[in-house]
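Participant: Dock chain B against the given chain A, drawing on the hints supplied.
From first to last, the protein sequence lines stand for chains A and B. Taken in order, the first sequence gives residues 79 to 586; the numbers are from our numbering. Taken in order, the second sequence gives residues 79 to 586; the numbers are from our numbering.
Among these hints, one or two may not hold up.
Copies of the same chain look alike in the list, so a pair counts if it fits in one copy or across any two.
Below, computed lysine to aspartate or glutamate pairings styled on EDC-like, alpha-carbon distance capped at 20 Å [said to hold, decoys possible]:
id, residue 1, residue 2
1, Lys-280, Glu-258
2, Lys-370, Asp-149
3, Lys-248, Glu-258
4, Lys-432, Glu-258
5, Lys-257, Glu-526
6, Lys-248, Glu-265
7, Lys-432, Glu-201
Since the hints were derived computationally from the structure, they do not count as laboratory data.
Below, each chain spelled out in residue letters.
2 protein chains.
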Amino acid sequence: MFATMGALGLAPTAQAAQRELPYRAPRPGDFSLSGRGAAKVVIVGGGIAGLATAYELGKAGYDCTVLEARDRTGGRNFTVRGGDTTVDLYGNKQTARFSDGQYMNAGPARLPQWMVTLDYCRELGVPIEVFTNTNADAYLFNESAGMTKPVRYRTAKADVYGYLSELLAKATNKGALDKELTATDQERLVDFLADFGELGDKLTYDGGERRGYTTVPAATGTPGVLLGDVPSASEVFASGVGRYFSFEFGFDQAMLMFQPVGGMDRIPKALTKAIGARRVHTGAAVSRITDKGDRVVVTYTQGGRTRTVEADFCVGALPPNILAKIPHNLGSGVQSALEAITPQSAGKIGLEYKSRWWELDHRIYGGITETDMDLSHIWHPSYGFHGERGVMIGYYNYGGDADAYAKLSPAAREARAVVQGVKIYGEKYRTELATSFSHHWRQTPHLEGAWHNTPGGPDDPRYKPLNEPTGRVYFAGDWLSYTDAWQHGAFTSARRAVTRLHTRVMAG
Amino acid sequence: MFATMGALGLAPTAQAAQRELPYRAPRPGDFSLSGRGAAKVVIVGGGIAGLATAYELGKAGYDCTVLEARDRTGGRNFTVRGGDTTVDLYGNKQTARFSDGQYMNAGPARLPQWMVTLDYCRELGVPIEVFTNTNADAYLFNESAGMTKPVRYRTAKADVYGYLSELLAKATNKGALDKELTATDQERLVDFLADFGELGDKLTYDGGERRGYTTVPAATGTPGVLLGDVPSASEVFASGVGRYFSFEFGFDQAMLMFQPVGGMDRIPKALTKAIGARRVHTGAAVSRITDKGDRVVVTYTQGGRTRTVEADFCVGALPPNILAKIPHNLGSGVQSALEAITPQSAGKIGLEYKSRWWELDHRIYGGITETDMDLSHIWHPSYGFHGERGVMIGYYNYGGDADAYAKLSPAAREARAVVQGVKIYGEKYRTELATSFSHHWRQTPHLEGAWHNTPGGPDDPRYKPLNEPTGRVYFAGDWLSYTDAWQHGAFTSARRAVTRLHTRVMAG
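Chain A extracted, bound-state conformation:
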């Protein structure tokens, strides 16, 4: 389908993709060598795209000003710590009561090895550690399939891979694949399956140590007691646990994953520091963007006063749904493109516990428990192992589930999350709870979305006014990338805007 789209001009082909050269950051010598003066740039939005734009342009000495409506930079990169306060669009005010050293990443929380975000961590000196995206000891729980207790990932995998291997070995030995595979290939396949499925001598699956133990092996006298009650193949398939397995094969989700030590907002904080705090204005809500032909005028309010910034160029680095609400003279093409991209919902709740009972009682050190309930995912913390306290993510959900929780009071969100968590983890999920904080992006002022749906993809011709602007206003954001919702998209989109802007300035 993708190839067809390319032929119709609807999607870039591999050749088009190759047109984007490796990124070359602007350099201090670019202006001094050319004899030109550094241009002035006003950047609307202090999220990752806006900060990255100012940071990269700053490398060549551009005079950048960042206008950020909220009281902090980072945009959706938001780490919640004790004392942080939010008010959502419904008027719910929350102040986080997390203990010292405890935090939740309300927005982006994980970094795959291939994303450019890690390069920024390296360049900015932000230390990283493993984000525990997958854990064999975390649970799977499909309530609607009739499961009455959770099953560990390792047990579910052993059972699914065991029966899958047994069935394919049987089919192969029956000759069902004689047309597809040579005798040698069949032999190799069956050898693989015997190992992959931990099959017995007769190529049948009867459980085994991969499922786990009720008493773990230890010293003499304690060989261990295997987890009993191996379900039938029919029971395993009916439970639907296998639906979660492919998550960890995803190009963007496969372990190993990483996170900044101490919170994801170490990245915007380091960017802001590198840009220079005096260039970054928080509490500055933009109310108009006017391209004057020879310059751009951006009007904003700060502390109740209306102010303006004039600059040679502007980079619009707000979410498209927010940009679309700001009056401008950039044309209807820009406006309709912005309006075509629609914001999506997601929410998280952080539950701080008085003890790390999941480590002590369940022997779960990090990782994600998957459910078919409306809380979707439960995350165990990837930091503070063996500490006194810890913050679980009690739900991380999207769309209608997120909006349903958002409509509740913060106390009711907590109650609903806890009732469900108790089904998986037992009473300590309730009794050990100290405090909670919930955050919903669609209901967050100045952002109003967790990520965006870009019909046709970012290269669709309708977005040309955003991607190849004719005036002095450029655009950047994860929503103008193929990795929407990832900081990588914001960074690479910012780099793209920086490259075009700088090339134009240098060409004079």
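Facilitator: Just chain B now, kept in the frame of chain A:
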């Protein structure tokens, strides 16, 4: 087979296993409440089992003395840092030249979540972090299968799971499993396979994003270029890459895995400190163990002098092959039991590099590359991400491969490891190398083994004189456990000896 062994009295049954009650550590009040005096115990060997014995007995106030032949405690738990010197049984002397902050764990290096070793880390205040046992971006390389370049784990998995799913879906839809599965089960199975194998509409595998990209997705204009050249099913099975997949399902190896921050020897160091350094004598090689009926006399040499310790009890916590060489009067049953357990070989080389080229060029942040070459495993470091330097484990191998490397000079071991690593990683594997250090356990004085083969398992009746000693000498070590080669085995074996000794003293 295991059930049969139980019926014949050759292996413990589940019932027997349950006889071992949950461990209860000796307590300060045990003696004061009973009116008895604390006994004196001499512990032969300052590895994990010996230290754990002294630590646990010390909780009730036992007067413990630990005798350790080497100049450091920890036994096979050995973290090599710059300045550490070893001389092996062939006379090779090495002094590690690692930079500050760089180290290699020459012995145990990883901790599963379920093992008691983590509880000791918690109790002793040893911080832990993730050990990167599995990484989708690490490589697989089977030279003997004709592979000319490595393939990433993620790519190999996508291909193997893809074809496996396609073949099983085909067989199912042909009716090959009509006797095994109901129509509903078949439908559920095929639904699972379509997702698990990333199959297309016609349930065929044609590659996809899970394999990876040559150009990763980024901003507008860069949708990404998929890794090309999807091999055929026959090529995938012939490459043998699937043989490595089941490693991560193992009960003792499945991620998440952990390591102490700063080196595995933080554990013996913390144990030694908790015991009290004055109770631990290093450089003290035991030369005789004599059970006098009412006490035990242990003779040892230290600094050229022969000394003795008299105690109420002795715990032998050396490897069995070393214990078997020490004269004693414990009877032929003890001696033949010790001699039945045979030491095994393993070796590692640490390669310190001037840059972390595997992160910069290969985007590999930790994890293990698997090979069919004589170096077996290559480990990327699980600490120091984004630092200036790093230590790769250039080989971790066993048996004949380990012995073959051990016979070489340290320089020749390095050369042999590098020649092979270059085949996988390219020239930087050679050109960025700064220094190396290799360690082989079978050739290490006072240990002479990486782990042990215990025929029949630790509950075999021939080991009764070790497990249920009649005199005043007890035994402890991972070799008297079902988790040989793991510190968990040493800890739980020590706990078992402590329980028996303490129960006897309290019954006294």
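Participant: What label fits Lys-248 with Glu-265 when the C-alpha limit is 20 Å: within, between, both, or neither?
Facilitator: both (12 Å within a copy, 18 Å between copies)
Participant: Evaluate Lys-370 and Asp-149 at a C-alpha cut-off of 20 Å and name the case that applies: within, between, both or neither.
Facilitator: Close neither inside one copy (29 Å) nor across copies (78 Å); limit 20 Å.
Participant: Given a CA cutoff of 20 Å, do Lys-257 and Glu-526 count as a within-copy pair, a between-copy pair, both, or neither?
Facilitator: neither (55 Å within a copy, 54 Å between copies)
Participant: Cα distance capped at 20 Å. Does Lys-280 pair with Glu-258 within a copy, between copies, both, or neither?
Facilitator: Classified as between: cross-chain Cα gap 15 Å, same-chain 23 Å, threshold 20 Å.
Participant: Taking 20 Å as the upper bound on the Cα-Cα distance, should Lys-248 and Glu-258 be classified as within, between, both, or neither?
Facilitator: Both: 15 Å inside a chain and 10 Å across chains, each within 20 Å.
Participant: Between the shortest in-copy and the shortest cross-copy C-alpha distance, which are at most 20 Å for Lys-432 and Glu-201: within, between, both, or neither?
Facilitator: between (37 Å within a copy, 18 Å between copies)
Participant: Given identical chains, is Lys-432 near Glu-258, meaning Cα to Cα at most 20 Å, within a copy, between copies, both, or neither?
Facilitator: For Lys-432 and Glu-258, the Cα distance exceeds 20 Å both inside one copy (58 Å) and across copies (49 Å).
The structure fails hints 2, 4 and 5 (numbered hints given earlier, in ascending order).
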